[in-house]
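What follows is each chain in one-letter form.
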Amino acid sequence: MSTENRFGFLDEYAKKEVRRTALKAVAIPGYQVPYSSREMPMGRGFGTGGLQLTLALIGAGDTLKVIDQGSDDSVNAVNLRQFIEMTCPGVNTTSSTEDADLIQSRHRIPEAPLREDQLLVLQVPYPDPLVVVEASEDKRKQMHGEGDYARLLVKLYEDIVQFDEITLSHRYPTRINHHYVIDPSPIPRWDVPKLNQSSALVLLGAGREKKIYAVPPYTDAEPLVFDDIPFRVEAFFDEHGERRACARCGCRSSFLDEYVDSSTAEPVYRCSDADWCNQQLLVGSQAGLDKEKSHA
Amino acid sequence: MIELDAIWTPALQQQCYRSLLQAMSYPGQVQRLPASGSENATLAILATLVDAEVSLSDHDCLLDLDAWLLLQAQKSSSDQADFILCRGDLAPALNPRLGTLSSPERSATLIVRVASVNDGNLRLKMVGPGVKGVLQRDLEGLDPAWLSQRQQWISAFPLGVDMLLVDQSSVVGIPRTTQVEVC
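Chains as they are written, first to last, in my numbering: chain L, 1 to 296; chain U, 1001 to 1183.
Heads up, none of these hints are tricks.
Facing chain L, from chain U, some residues (calculated, C-beta under 10 Å):
hint: 1; residue: 1014
hint: 2; residue: 1021
hint: 3; residue: 1049
hint: 4; residue: 1176
Derived by calculation from the structure, the hints in this document are not laboratory data. All values reported here derive from a predicted model rather than from experimental measurement. No residue lacks a Cβ here, since even glycine has one placed at the ideal position from N, Cα and C.
Just chain L, with the same shape it has in the complex (with noise of 0.2 Å):
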């Protein structure tokens, strides 16, 4: 069979490999399962781990969204719908957060809350949160299966007395289901309670790596902490101890990227989330209608 009139790029072998291994990855929740990831026709290091799942996942029918830092429209992600939409036929995709059935995003969660009816695919650069501890796979392991964290625990420590504070600012190591701990993608930390109890199944697909991993349905995903200093999220205030608006839609309840001003030099924020942002809006001027009706 020639790959043009193949559904989906790879072949069928590939995806039973990947299915089975999804499978095993959700029944041990935050185990990283390993696969022989193929070659795709992009480098990895591109999404081809998330990719792969959506190849293997997708049918006919099927509502995708693609977004890469929380839009839909930038380059991973144009070019990986565009990818999905030449080689997937039948299938519709979407910017919208609430029409999609399969979401594959890199490096952000959808602000507004998923559904049992939802998947959502990460793209992972880095599967192990214990390489910064232990460079032996085998050894990491072992350390995974006993659920053995007291190295990486002990470099968040070092960073407490360093700097008063854990300073990642991304992949922050998540535990799952009290068990084995991940590196949740680069995800900020704002999402990182969006994985615990969350109604939908997420997957996380490392190409590069060869790993699949899952965090299932209504599971406890807990960021490791000491019991004295709590998990804290990003905090969005102002100088005034106000919390930031997004320069677009007024919401203050969203994680903001920080941009530049161009013409004056001040930094600008505005939602990550290009889909919540654009429901906002939506939302807003539905207000500001329903005012105007009510005085006239």
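Assemble the complex: chain L is given as a structure, and chain U must be docked to it using the hints.
Relative to chain L, chain U alone:
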């Protein structure tokens, strides 16, 4: 041209897989498998998951020769197999692979045929990842000895086995993390 049932086509296997993934993600919830000509749900599941790369044990002789030829799986004994097909109404008499501490995925997946996953006289209470609170599931055609045997297999997480209970048209997943009680 040989006429093959839809379960041997990629499109149906993809739909079937999504039901299996949903079943494993939400233990205890009944997932309907996509309709095919044969209404043979166990064979549809095997066709979806198995190929020449994995080993299969037909512990209670439920497969015919045609199925073996199409599945292409390596025939294996139940203590070595990646996938084990067995009857739920018989008490388990097997010794499946449980994986190892550093590679718990090298454990068997049991595909257990039961009379019904929708109702019946065996009521199970399930708790664990994928279950919101507590879930009750009524079954027909599962020998209760399976549950005590399973308890031994899964007693040392991350080691264990993962089960798919299958009737004529639907599947219920019980991964190793689910705590099951008979009520």
